[in-house]
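If you're matching them up, the sequences are chains L and Z in order. Under this note's numbering, the first residue of the first sequence is numbered 327, with each subsequent residue one higher. Under this note's numbering, the first residue of the second sequence is numbered 327, with each subsequent residue one higher.
Heads up, some of the hints might be wrong.
No copy is singled out in the list; a pair is fine if it fits within one copy or between any two copies.
Derived SDA-like pairs (lysine to any residue); straight-line CA-CA distance at most 25 Å [as the list claims (entries may be wrong)]:
1. K485 / M375
2. K508 / N626
3. K508 / A351
4. K508 / K581
5. K425 / M563
6. K429 / A601
7. K485 / Y412
8. K485 / A601
9. K581 / T474
It is worth saying that the hints were derived from the structure and are not from the lab. For clarity, every value in this text was computed on a predicted model and none was experimentally measured.
Number of protein chains: 2
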Amino acid sequence: MQNTYAIGIDVGGTNTDMGLVRDDAKVVERRSIPTTNYTAIGPYVRDIMTQIESMLAAGDPEKGVGSIALNELTGIGMGAPNGNFYNGCVEWAPNLPMKGVLKFEEEFHKYVDIPVVLSNDANAAAYGEYVYGGARGMNHFIMITLGTGVGSGVVVDGKLVHGFTGTAGELGHNILIPGGRKCSCGRRGCLEAYTSARGIVQTYVELRNEKCTPSNAAQHPEWIAASVPDSEITSKMIGDAANAGDPLAKETYRKVGEWLGLACANACTFSAPQAIFLMGGPTKVGAPLLEPLRESFAANLLNIYQGSCDIHMSQLAANEVAILGAAALINMRK
Amino acid sequence: MQNTYAIGIDVGGTNTDMGLVRDDAKVVERRSIPTTNYTAIGPYVRDIMTQIESMLAAGDPEKGVGSIALNELTGIGMGAPNGNFYNGCVEWAPNLPMKGVLKFEEEFHKYVDIPVVLSNDANAAAYGEYVYGGARGMNHFIMITLGTGVGSGVVVDGKLVHGFTGTAGELGHNILIPGGRKCSCGRRGCLEAYTSARGIVQTYVELRNEKCTPSNAAQHPEWIAASVPDSEITSKMIGDAANAGDPLAKETYRKVGEWLGLACANACTFSAPQAIFLMGGPTKVGAPLLEPLRESFAANLLNIYQGSCDIHMSQLAANEVAILGAAALINMRK
Chain L
327 MQNTYAIGID VGGTNTDMGL VRDDAKVVER RSIPTTNYTA IGPYVRDIMT
377 QIESMLAAGD PEKGVGSIAL NELTGIGMGA PNGNFYNGCV EWAPNLPMKG
427 VLKFEEEFHK YVDIPVVLSN DANAAAYGEY VYGGARGMNH FIMITLGTGV
477 GSGVVVDGKL VHGFTGTAGE LGHNILIPGG RKCSCGRRGC LEAYTSARGI
527 VQTYVELRNE KCTPSNAAQH PEWIAASVPD SEITSKMIGD AANAGDPLAK
577 ETYRKVGEWL GLACANACTF SAPQAIFLMG GPTKVGAPLL EPLRESFAAN
627 LLNIYQGSCD IHMSQLAANE VAILGAAALI NMRK
Chain Z
327 MQNTYAIGID VGGTNTDMGL VRDDAKVVER RSIPTTNYTA IGPYVRDIMT
377 QIESMLAAGD PEKGVGSIAL NELTGIGMGA PNGNFYNGCV EWAPNLPMKG
427 VLKFEEEFHK YVDIPVVLSN DANAAAYGEY VYGGARGMNH FIMITLGTGV
477 GSGVVVDGKL VHGFTGTAGE LGHNILIPGG RKCSCGRRGC LEAYTSARGI
527 VQTYVELRNE KCTPSNAAQH PEWIAASVPD SEITSKMIGD AANAGDPLAK
577 ETYRKVGEWL GLACANACTF SAPQAIFLMG GPTKVGAPLL EPLRESFAAN
627 LLNIYQGSCD IHMSQLAANE VAILGAAALI NMRK
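Make the full structure from the sequences, and use the hints.
Pasting the structure below:
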């Protein structure tokens, strides 16, 4: 049987990555253009189309395919901040240089008459896991992405939940601790304020400020050096420190695991998923996060859901998930 | 055009209420049998069938229908605690005298070859609102039922969310205040512990114990009399007192409104509904609950959902919603 091909586009604030994706989850070709160069959608989509044509011309030598025609593609999928599945637009994305309502579906259709599907990046990641990754065959699951922020995608009955507005699935802004930490959204106590990369750093800094004094820092070489200022600490450094034995870093990830486990248990009362998948930089720390997370999840889970839902890591490669996820969106029935 | 008819059955711990429901949301006939009389499903369903036959024989005189044949019914819908949509069973319902897994769909099919559909009571209420009530035409909404417990039904893309287990939509057991009040489920801080009838009474009692002393009680005739012991206070009494000007009762419902508003805002991050409907005894108090609820909802709602979701009261009659909701389940595609 012949393979089919789709285009997946990941619109980031800095770069726009795109790939030619074969239906067996192989990213055959990749291209990238700097998002920051564009203040208008017209030139942006024109230049994306140029890159797509270049990938199609390269074809898929591994399968003996010399070049691929544009109208042979199954579609173009795009994961973008504030990408709206219903109307094919990106609406007022704060981190993009292009402002206002960007009518991507319409703009691509000036060049090509194949399906063009948009959603936000976390939704795309969730659907990528469903089509290509560890969630294949699961009709009810949730993806939570930890990064600068905390995103999520919720799949119910094999479909992404987009809701009335098209912007459902913002579990990062579920208020976990009423009156708690200030969040980037302006409110207090959101999951994102505790489990994003920024939240993880904040927890470590709070612990270090509490425990570390000029007189005792020298006795604790396992801590991230007191000479590293708060503003230069990253969640990656804390993850490495946790695995190297820094008790403050371990304590930080223990707290993150507890918060995230509670959030996962709460999510189950909504859609009773078969699994919750995690992805993103801060999840790479491994056991220091996953052990307390699984404990907290079990302790906070309502009895009727015990044993029915597992926590998994995404099975897609970190450098491909955004492109695969975007391409996967084409498979979702409207 | 001729009307169609369905049976709706509401399985309560004390009574089983059933009705013959016309497709224009009219409950034409009603019957009731005591659930407590039955320890086995066989005699229970047999006696329900006897009542159904009796309703069918009575027919629908208003429409000039003399009697209705069993196989003319569009189906039998049943709302029951722990009712499982997927397998047509009630599974280990703690409040029923019949124990274990009760195979209702199978049992009814010994008598009749029409669709038999089960779900839990709150899901049935949500679907009743969709088919017959205020949620007609809304594909994304949530129903929250306040009573002895707090139940919910979540509708996404015009379907009830049942999840992997068949038991999704338990927002009453979303943990709102980590480490908070003990809940009937054994955990702490669930929405139910704060906004169920029991939770409302607990809040009032706590306030009264804090404010009311033997010396000052006589000066506050507006309080529920100090002579009424804590164990005899009901949420209905508190609601009446709130509307009569009792400041402790008003403060109680203000807190309930704040908690519920936060829970509603959190629910939006999941499914971005067009509306959240409320029903049940404690909601009948009106303004003392609804005003702080709407304020809290607006204050806790993520900016992208502002203006897209309203709080409504159920538009179905309180004494019919369970039967209408059960009958409505027949309309849901599996």
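Each hint tested on the structure:
no.: 1; hint: K485 / M375; verdict: neither (28 Å within a copy, 38 Å between copies)
no.: 2; hint: K508 / N626; verdict: both (24 Å within a copy, 13 Å between copies)
no.: 3; hint: K508 / A351; verdict: neither (39 Å within a copy, 48 Å between copies)
no.: 4; hint: K508 / K581; verdict: both (17 Å within a copy, 22 Å between copies)
no.: 5; hint: K425 / M563; verdict: neither (34 Å within a copy, 54 Å between copies)
no.: 6; hint: K429 / A601; verdict: neither (34 Å within a copy, 27 Å between copies)
no.: 7; hint: K485 / Y412; verdict: both (13 Å within a copy, 18 Å between copies)
no.: 8; hint: K485 / A601; verdict: both (15 Å within a copy, 21 Å between copies)
no.: 9; hint: K581 / T474; verdict: within (18 Å within a copy, 34 Å between copies)
Going down the numbered hints, you'll see the structure goes against 1, 3, 5, 6, while the others check out.
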